[in-house]
Amino acid sequence: MRVLCRHGYFCFYPKDETEVSRFGALFTQNLVRKDDFYTFPLLKLAPDYCLKGKPFLGVTASLTFEGNPWEIMRENGFVYDFVAQAVKLKSAVTQSVSIEFVDDYWTAESPLVMPGGIDDVGQKVLSYDAELSLDTSQLRIFGVEYE
Amino acid sequence: MSKALSATCSNGEVTCEGVVIEDAEILSEGVGESEGVLLLEEGKQTYIAKTSPDLKTTLEKVIAALNHVVTGLNAAGAALDGLSGGAGTPVTAAATQVTTVVTEITTLKEGLK
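Chains as they are written, first to last, in my numbering: chain F, 625 to 771; chain B, 3 to 115.
Mixed in with the good hints there might be a few duds.
20 Å max Cα-Cα, derived EDC-like pairs, lysine to aspartate or glutamate [said to hold, decoys possible]:
1) F/K678 with B/D25
2) B/K52 with B/E27
3) F/K678 with B/E43
Just some of the chain F residues that point at chain B, by a computed CB distance under 8 Å [as the list claims (entries may be wrong)]:
4) Y673
5) L675
6) K676
7) G677
8) K678
9) T688
10) F689
11) E690
12) G691
13) D743
Just so you know, the hints here were simulated from the structure itself, not pulled from any lab data. For every residue, glycine included, the Cβ atom is placed at its ideal position computed from N, Cα and C.
All chains should be modelled from the sequences, with the hints used to inform the complete structure.
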């Protein structure tokens, strides 16, 4: 299953419905369909605009902006914490993430990398493009974007 | 892609969904109370007032004023007829023409989109 995390907003591209079910079993959180991808239930509710001072998925927006949800999250410095199942400021994420470069891709210790997490050299992960194997629960990351 | 939201404006301050939109560009005088649309395109915010209520109010006032004129002209015409038969004819004719204009403006007002 392809995993595209853009500025803390998750898009999943399963090969078939069984991968959706297996993901739900692995993470105890089901994915829901949105447009041409799947995402977490809270992220599906993301509007295509935010108003400064009003909540955006439960967190107060710091500016007024219109665009795709991941663009709005980028502008506000938000990420989705898939453990807490909540949107939060990336600055509030202090979790360490371990990403190791192997051959021509990176691997991670966990099946999903927490956006906003800090790697071994102190870089904050914002976006990544990866392939999740639901057989091995291993994440192969082909591209990473840091803050 | 852009987004249009209902908004209001008063004294240069635009409000949308209960919050003041500080950086909105107002494409109107923005002084009087107005209802309108807030257009969002990425970080750009533009407020456009609906002008139909202003126009409708203006037309209603013009209709009311012209009806007063018709009343006055008809009274003047009647008074002139009393002094000299037929002297008020041009005046009452003018009142009739003004009444025609009132009807046309009323039709225009009711046809506002």
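- prompt: Going by Cβ atoms only, is F/G691 closer than 8 Å to chain B?
  reply: Since chain B brings a Cβ to about 6 Å from F/G691, closer than 8 Å, the hint holds.
key: Hint validity - F/D743 Cβ closer than 8 Å to any chain B Cβ   = 30 Å, violated
_Hint validation: F/L675 versus chain B, beta carbon distance must be below 8 Å. Holds or violated?_
5 Å, holds
Has the given pair, B/K52 with B/E27, been kept, meaning a C-alpha gap of at most 20 Å?
15 Å, holds
Satisfaction of the F/G677 interface hint, Cβ to chain B closer than 8 Å: Status holds, d = 5 Å.
Per-residue hint verdict: F/K678, partner chain B, C-beta under 8 Å
5 Å, holds
Practice task
Let me know if the C-beta of F/F689 comes in closer than 8 Å to any C-beta of chain B, holds or violated.
Solution key: 6 Å, holds
Taking 20 Å as the top limit, are the C-alpha atoms of F/K678 and B/E43 close enough? The given pair, whose Cα atoms are some 18 Å apart, holds under the 20 Å limit.
Regarding the hint that F/K676 lies at the interface with chain B, is the smallest CB-CB distance below 8 Å?
7 Å, holds
request  = Could you check if F/Y673 really has its C-beta closer than 8 Å to a C-beta on chain B?
outcome  = Holds - the Cβ of F/Y673 comes within 8 Å of chain B, reaching about 5 Å at its closest.
- Item | Agreement of hint F/E690 with chain B interface, Cβ distance less than 8 Å | Interface hint status for F/E690: holds (4 Å vs cutoff 8 Å).
field: Proposed proximity, B/D25 with F/K678 (alpha carbon, max 20 Å)
entry: Roughly 15 Å between the alpha carbons, so the hint for F/K678 and B/D25 holds.
The earlier numbered hint that this structure contradicts is number 13, and it is the only one.
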